[in-house]
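J.: Throw the hints in and build the complete structure from the sequences for me.
Letter by letter, the chains look like this.
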Amino acid sequence: MAHNPGMELDMGWVNGAVVDLPAVNRRAATLLTKRTVKKSWQAAWLLRAVTCIDLTTLSGDDTVTNVQRLCFKACNPIRQDLLDAMGMGDYGITVGAVCVYSARVKDAVQSLKQAGGAAIPIASVATGFPAGQVPFETRLKEISMAVDLGATEIDIVISRDLALSGDWGKVYDEIKACKAACGENVHLKTILGTGDLGTLTNVYKASLVAMMAGSDFIKTSTGKEGVNATMPVGLTMVRAIREYFHKTGFKVGFKPAGGIRTAKDSCAWLALMKEELGDEWMRADLFRIGASSLLTDIERQLYHFVTGRYAAAHQLPMA
Amino acid sequence: MAGNLGSEIRRIFENMEYGPAPESADIAKKWLSQHKDSLGHFINGEWVKPENRKTYTTCSPATGEALADTIQGEEEDVNLAVSCAKTAFQSWSQLPAHTRARHLYAVARNVQKHHRLIAVIEALDNGKSIRETRDCDIPLVARHFYHYAGWAQLSDTEMREWKPVGVVGAIVPWNFPLMLSTWKVCPALAMGNTVVLKPATFTRLSALLFAEICHEAGLPPGVFNVVTGNGSFGSKLALHPDVDKVAFTGSTPVGQTLRRLTAGTGKKLSLELGGKSPVIVMDTADIDSAVEGIVDAVYFNQGQVCSAGSRLLVQENIFDDVIQRVKERLKHFRIGHSLDKAIDMGAIVSQAQYNTIKEYVDDARATGADVFQPDIPVPAKGFYYPPTLITNVQTVSRVVREEIFGPVLVALPFRTAKEAGNLGNNTNYGLAASVWSENLPTALELAITLKAGTVWVNCHNLFDAAAGFGGYRESGFGRDGGKEGLYEYVMPKWEQTTRHHVDIDVKTFGASFGSGTTPTPGQGGPSKSHLCPNGIQQPLVDHTYKVYYGGAQKRPDGCYSRPIYAAHDKQTIVAYVGDSNRKDVRNAVEAAHKAAPGWGKRAAHNRAQIVYYMAENLELRRQEIAQRISLLTGQTLENSFKEVDLSIQRLFYWGAYADKYGGNVQETTLYGCTVCIREPVGVVGIACPDEFPLLGFVSLFAPAIVRANCVVIIPSDKYPIPALDFYQVFDTSDLPAGVVNVLSGNKDHISKYLTEHQNVDAMWYFGSAEGSKFVEFTSAENVKRTWVNYGKERDWMDHDQGQGEEFLYHATQCKNIWMPMGTTFSN
Chain A
1 MAHNPGMELD
11 MGWVNGAVVD
21 LPAVNRRAAT
31 LLTKRTVKKS
41 WQAAWLLRAV
51 TCIDLTTLSG
61 DDTVTNVQRL
71 CFKACNPIRQ
81 DLLDAMGMGD
91 YGITVGAVCV
101 YSARVKDAVQ
111 SLKQAGGAAI
121 PIASVATGFP
131 AGQVPFETRL
141 KEISMAVDLG
151 ATEIDIVISR
161 DLALSGDWGK
171 VYDEIKACKA
181 ACGENVHLKT
191 ILGTGDLGTL
201 TNVYKASLVA
211 MMAGSDFIKT
221 STGKEGVNAT
231 MPVGLTMVRA
241 IREYFHKTGF
251 KVGFKPAGGI
261 RTAKDSCAWL
271 ALMKEELGDE
281 WMRADLFRIG
291 ASSLLTDIER
301 QLYHFVTGRY
311 AAAHQLPMA
Chain B
1 MAGNLGSEIR
11 RIFENMEYGP
21 APESADIAKK
31 WLSQHKDSLG
41 HFINGEWVKP
51 ENRKTYTTCS
61 PATGEALADT
71 IQGEEEDVNL
81 AVSCAKTAFQ
91 SWSQLPAHTR
101 ARHLYAVARN
111 VQKHHRLIAV
121 IEALDNGKSI
131 RETRDCDIPL
141 VARHFYHYAG
151 WAQLSDTEMR
161 EWKPVGVVGA
171 IVPWNFPLML
181 STWKVCPALA
191 MGNTVVLKPA
201 TFTRLSALLF
211 AEICHEAGLP
221 PGVFNVVTGN
231 GSFGSKLALH
241 PDVDKVAFTG
251 STPVGQTLRR
261 LTAGTGKKLS
271 LELGGKSPVI
281 VMDTADIDSA
291 VEGIVDAVYF
301 NQGQVCSAGS
311 RLLVQENIFD
321 DVIQRVKERL
331 KHFRIGHSLD
341 KAIDMGAIVS
351 QAQYNTIKEY
361 VDDARATGAD
371 VFQPDIPVPA
381 KGFYYPPTLI
391 TNVQTVSRVV
401 REEIFGPVLV
411 ALPFRTAKEA
421 GNLGNNTNYG
431 LAASVWSENL
441 PTALELAITL
451 KAGTVWVNCH
461 NLFDAAAGFG
471 GYRESGFGRD
481 GGKEGLYEYV
491 MPKWEQTTRH
501 HVDIDVKTFG
511 ASFGSGTTPT
521 PGQGGPSKSH
531 LCPNGIQQPL
541 VDHTYKVYYG
551 GAQKRPDGCY
561 SRPIYAAHDK
571 QTIVAYVGDS
581 NRKDVRNAVE
591 AAHKAAPGWG
601 KRAAHNRAQI
611 VYYMAENLEL
621 RRQEIAQRIS
631 LLTGQTLENS
641 FKEVDLSIQR
651 LFYWGAYADK
661 YGGNVQETTL
671 YGCTVCIREP
681 VGVVGIACPD
691 EFPLLGFVSL
701 FAPAIVRANC
711 VVIIPSDKYP
721 IPALDFYQVF
731 DTSDLPAGVV
741 NVLSGNKDHI
751 SKYLTEHQNV
761 DAMWYFGSAE
771 GSKFVEFTSA
781 ENVKRTWVNY
791 GKERDWMDHD
801 QGQGEEFLYH
811 ATQCKNIWMP
821 MGTTFSN
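If you read the protein sequences in the order shown, they are chains A and B.
Take the first sequence: its letter number 229 is residue 229 in this note's numbering, and every next letter is one higher.
Take the second sequence: its letter number 55 is residue 55 in this note's numbering, and every next letter is one higher.
Since the hints were derived computationally from the structure, they do not count as laboratory data.
Any given hint could turn out to be false.
Claimed, not checked - Below 25 Å or equal to it, Euclidean Cα-Cα: the simulated DSS-like pairs (lysine-lysine) are:
(1) B:K642 / B:K718
(2) A:K274 / B:K341
(3) A:K38 / B:K331
Since the structure is predicted, the reported quantities are computational estimates derived from the model, not experimental observations.
T.: Have a look at this one:
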């Protein structure tokens, strides 16, 4: 997996950022009319999307039961007969990671081991997800506890209050401290909470600050804001990733999350990565989709591709 | 599932390539086979296939595959179509506005009904991508019909002073075959005209299909006809005596030819021609968005767009960065068959156009330019040209100056916004421009500075029926779209349609200086004016009129004067006036250009005040000027007073309009603001009628200057003195130097040099039929706007004829500025 060491905060760069919302909206709208994949290409792309999913459950009623079910599904995301029919039965298709609350990391570790998927990364949200409105020390403490429990990736939220007041220095410092709390081997994914940031210019600035502070991924949203992973937001963030790569040589990953539910959506996001960043950013080490119900829709589409019929929900194992 | 599929999916899973995404051509093929792959003209509601016509086989540029045979029409086909259109005009023009609105509405609905078929036909025949025909061309066709159905409905109230002109001959190019046809057809039909359309040779199918759709929608026979033929067939249509208006979109050279062909005939003409539109990227721009805008600007429709942003101007501190990003962006381009839904560019329309593009780029390369073309797959068959970026060129380079009409972008750096404006305007064209900056004052000032009919701020190539599209300078005149587009298809209600045939020799017309009068003494009796103070008889102080430019009276360059006689007695010389020649024209035009920027920047209120002040000062001299008019023209003193009084009233009328015709907000589909600004035309040459020496003069210069033009005006040939007296009124009314310049002398001689002057933007000529023809013919050289009377007099005392919207139309040109809005996307 890519690793971003970060850099000194460069406020000149951050303050120079400007994003034209109408122009970004236009590109986001037309991009999807300019690219499409059909037939075998669609099936292959959907399988690739599966491998990039952070299969997620983040609910107040999460228990060991549904976390276990989720982990088993993560190891076997598509029905074996469908994979066989597509010649991919032996490919070892799994999702990119499972994503749970820090209190459920232990359940996930155990379940994945039982399901034979110990290699699948476990992402834990941390730092007072989703609002981040808890004292900073407890946020750091949550990270180190999740890591100790076996999380290999940490999804943190930035302090939107600091971002909105323009205190990018403080945002930078906090993310940097979180990165340190993660340690060497755990990947830091930073959620910008874009729906709380107001403008795309702020989204761009937050992306830059998060990358400068050493985030390995930048992620759109918690799924709990009013506006989640929309195409214009994604476009803005991947452009920031591209500029950061050009200036520093470091590749930072991208994770849209929240509101991505259809197979078609997942192909659109893959096309965005291909067009704006390149093929490298279409793999799980640099691209994840945070989702829960998306996988079901992809499995239905693949069922249709293989059989020519639309599946009933009960024919596919629920997550 | 076979093993092959397994390996295919595995391969795609690993390389994540795009696959084919074809749109089916079946529906288009079915329509063509209904016609046995052979199409005639569509005239008077039916297919017409005359015997013994040559045919033209139209092909798909994507593959070279033949699509259908079409007819090469001949003169009798034009005659038939025009006569049907003329007959249809009798009833169509008399229909209630609401009925015409229903017809246009029905066409819009039927276009939507056949959206997919039209989109496929257009993509197949032109080579452009199905995505563009589906998402741009055809939706705009429907939108135009809906919008103009509205203007048809409102024509009785909104266009009260106007009536249709008759039969419109529309000639359109191959780049947006149906969309550009619609831009002519909609306003023409809405205003009550009938149409004969000649589509371009390469792309005839969609127009023919559309004619059939209109017929299906219930449009009465003869109202809209389509004829096909070659270029000279188009000239036959334009020249047909019963064609009252020629509407053309296409290249500048063909537009110039049409101007010359129709000169002096009394036909209306509108031209939407070529361009070399700048894309200006300031360092305050969102650069990634600007790069995407560049893609929209110059690679849209393979760059075969008259408003293509083909000149990229980038602030020097971000130049390298922008170029790098454009190059990277182009590496993601996909080129392919027009029916593939996932391509960025299709094929060039023809082998000839492909060769032209290639020749330009090869030439640039040979002369040391840096030519970038991405290493992307290009289909082996078909006329595919890769997206191209050329740097290391300058203003002198051929690829920077000339329209290429292909996917070729040239890039130049600039230092400041001011220099960007200068570079942007350093072109013969003036169709469109875009400005990229997040700084509002910079963007707006550049939008105003650029001489172009459309300026997009932070976007490029957006179109809508509610905003006019058309050019400044050699990009043509007239507007397609918006309310402003209606004026190209109407004439004042009081006017009669007339056709004129005069022969002139354009080489010798007006060439001889001082013709008709010999500037020598001995032509009249000796001066009889005396004063007798204290019983001593002494002559009046000699008063010889000079010419007037740059705010001062100047001796004419030739040092010739011409005598002006009294009406009652050809022996009485009232005064000598200066006889102007081409150098006076040169000086006056220079003075006008010097004054123009300052005059344009004045507050409209200030321009109004000056014109009111003229009225005040004219009234002080009411008696004297009325007497002089009477002396010169032989009119009764009572009538002469009427002329002076009406002149004063007209100054008030135009003073009132100084701050009431600036433009409007266009209700386009843009989220944001589209503003139509009625800008001055620039420097206007005016030749006044002989009749009404004061009123004609005032009625013409006043509308021009209140709308911020500067004028070089030739007063009445016969009776110039009231206009020359007027320069004392100018001087006492605080009119800035150079705004009005008065050149007395021979009307046609001065008009010749004004019309031939490349820096005169418009010529208004009220004189002979011959002079009118000369002005229209000669104006073709730099595509000047003209307004001529074909030798017909108008009653300047009549309000309908001597003032009104017709004058405002000629005194302004519309610039539409598109300003998308918004910064906050969430809370």
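J.: Taking the hints in turn, state whether each one holds.
T.: Here's how the hints hold up against the structure:
A C-alpha spacing of about 20 Å is found between K642 (chain B) and K718 (chain B), which places the hinted pair at or below 25 Å, so the restraint holds. A C-alpha spacing of about 17 Å is found between K274 (chain A) and K341 (chain B), which places the hinted pair at or below 25 Å, so the restraint holds. A distance of roughly 22 Å separates the Cα atoms of K38 (chain A) and K331 (chain B); the hinted pair therefore holds under the 25 Å criterion.
When each numbered hint is compared with the structure, no violation occurs for any of them.
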